[in-house]
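Chains as they are written, first to last, in numbering that gives the first Met the number 0: chain B, 0 to 376; chain F, 0 to 90.
Because the hints were derived from the structure by calculation, they are not lab data. Beta carbons: idealized from backbone N, C-alpha and C, even for Gly. Any given hint could turn out to be false.
Stated by the list, open to error - Partial selection, computed: residues in chain B whose CB lies under 10 Å from chain F: (1) 2; (2) 46; (3) 50; (4) 53; (5) 77; (6) 79; (7) 90; (8) 108; (9) 141; (10) 145; (11) 172; (12) 217.
What the hints assert, rightly or not - Derived Cβ-Cβ restraints for the label pairs, each shown as a range: (13) F:70 - B:208: 52 to 60 Å; (14) B:93 - F:65: 48 to 56 Å; (15) B:333 - F:50: 50 to 58 Å; (16) B:201 - F:47: 42 to 50 Å; (17) B:196 - F:19: 38 to 46 Å; (18) B:346 - F:23: 54 to 62 Å; (19) F:47 - B:38: 34 to 42 Å; (20) B:290 - F:19: 28 to 36 Å; (21) F:1 - B:95: 33 to 41 Å; (22) F:47 - B:370: 37 to 45 Å; (23) B:346 - F:77: 30 to 38 Å; (24) B:1 - F:22: 43 to 51 Å; (25) F:19 - B:281: 28 to 36 Å.
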Amino acid sequence: MIPNPLALIAEVTHRCPLHCVYCSNPLQLAGLSSELSTAEWVNILQQAGKLGMLHAHFTGGEPLARPDLTELIAAARAAGLYTNLITSGIGLAEKRLQALVEAGLDHIQLSFQDSREDSANWIAGAKAHAYKIELSSMIRRHKIAFTVNLVVHRQNIDHLEEMIAFIEELAPQRIEIAHTQYYGWALQNRAALLPTRPQLEKAVQAVEAAEKRLAGRIRVDSVVPDYYARFPKACMGGWGRRLMLINPAGKVLPCHAAEVIPGLAFENVREQTLEFIWQQSSSFQRFRGEEWMPEPCRSCNQRAEDFGGCRCQALLLTGNATATDPACSLAPAHHIVEAALAEANSTAAISQPISAGSFVQLQQRARSFWSYRTNPE
Amino acid sequence: MALPEDSSQPRLAAGCRWGGTEEARVILFPEGAIKLQGTGRQVLEQCDGQRTFGQIIQELQAQFTDADPAKIRADISQFLEQLRHKRIVDY
């Protein structure tokens, strides 16, 4: 028997009021008409509880775009799951927050794009920053866990220290420093987002200093971006090992980006149970374990740590989903990542960091080098 | 970072709670879960925000008369400090 999954990632909608240039959602977004109903989600959450999962992570798009979110949180709690809302905060006023907490919401992870308002709004493609600050003080008045997530990249990483100090004022229990992952929209915008090596080194020092300074008050979580790492990330803790993701239309995926892999058929919760999909579907078995691995992974000591890295990244960068993740320094296709890094570190790079400037100035500049995430039909 | 004092009243931090089954109790927190058995579980079950650290230690010292009382105190202090670092316990 395959051990049970640990957590459910519920992508309840792809609709979002923000248009972040680093969004890792797929370019092919699921539209409103294809979204699962409330009853379908409640059924999924019940199945997840019975399968022994411990956490339900509500994400999207913006989960608050679903008017039935409170009901879904209540259903997750009733199924014995720890509930986590990953949100931009847009659409969350005091009354709704109160209702979510009463329904059993355990944790809110609120994203910030920057400490500087003009830059934050520019990155999000929406005027959201001021409201997020207001919302933070509302969240703190409730007895739930509060994490601030900060996505860092070439355009904001130079003032990471300032951003951490800004977040400290918001007084969350946790700060998550998330380096941009290059999928979906972020991959399209990679040239504008990939930091330089000096930028990264300075950021690592800033994070270490913050960890020490904030110890016991605010937990700081951060991961080195995989392009600059020696070994790839253990994507999703291994394919089909820990997590199941349900997309807004009910497709069950081993990870956020899996749909980019050609030749894989994904089951839908409308037709199959989670247990069947976890145990028996060909998609979940495809890269589970070590059988599928090519060399150098197959004989590598790291294979039980990183599981060969990310299958979607392998596909997106090499065209072959069974290749060793090119982020790995040992990968035959590592030159692809090295070329991206060389470009990012060249003085002729197309997009030197420009996070200072008015929103209007920034927007004008933006048109030339990145595209905003759009919304589904 | 400070260790708990005798008057501290340790408790699970906001957003952390018990879950799992009676045989396999876990503490759930945003990034995951910790499985707790034996003394670790016993200690955390006492961390209700009412009992003081001093009381919790005294009870354990009375229960484990073979063990060095100073070592019990040191071990439990460190255990709680680590969990506080992870924002799972507050005191």
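Do the hints match the structure? See the list:
{"no.": "1", "hint": "2", "result": "13 Å, violated"}
{"no.": "2", "hint": "46", "result": "17 Å, violated"}
{"no.": "3", "hint": "50", "result": "14 Å, violated"}
{"no.": "4", "hint": "53", "result": "5 Å, holds"}
{"no.": "5", "hint": "77", "result": "13 Å, violated"}
{"no.": "6", "hint": "79", "result": "7 Å, holds"}
{"no.": "7", "hint": "90", "result": "21 Å, violated"}
{"no.": "8", "hint": "108", "result": "7 Å, holds"}
{"no.": "9", "hint": "141", "result": "8 Å, holds"}
{"no.": "10", "hint": "145", "result": "7 Å, holds"}
{"no.": "11", "hint": "172", "result": "5 Å, holds"}
{"no.": "12", "hint": "217", "result": "8 Å, holds"}
{"no.": "13", "hint": "F:70 - B:208: 52 to 60 Å", "result": "34 Å, violated"}
{"no.": "14", "hint": "B:93 - F:65: 48 to 56 Å", "result": "55 Å, holds"}
{"no.": "15", "hint": "B:333 - F:50: 50 to 58 Å", "result": "55 Å, holds"}
{"no.": "16", "hint": "B:201 - F:47: 42 to 50 Å", "result": "44 Å, holds"}
{"no.": "17", "hint": "B:196 - F:19: 38 to 46 Å", "result": "44 Å, holds"}
{"no.": "18", "hint": "B:346 - F:23: 54 to 62 Å", "result": "57 Å, holds"}
{"no.": "19", "hint": "F:47 - B:38: 34 to 42 Å", "result": "38 Å, holds"}
{"no.": "20", "hint": "B:290 - F:19: 28 to 36 Å", "result": "32 Å, holds"}
{"no.": "21", "hint": "F:1 - B:95: 33 to 41 Å", "result": "37 Å, holds"}
{"no.": "22", "hint": "F:47 - B:370: 37 to 45 Å", "result": "53 Å, violated"}
{"no.": "23", "hint": "B:346 - F:77: 30 to 38 Å", "result": "50 Å, violated"}
{"no.": "24", "hint": "B:1 - F:22: 43 to 51 Å", "result": "21 Å, violated"}
{"no.": "25", "hint": "F:19 - B:281: 28 to 36 Å", "result": "31 Å, holds"}
When each numbered hint is compared with the structure, violations occur for hints 1, 2, 3, 5, 7, 13, 22, 23 and 24.
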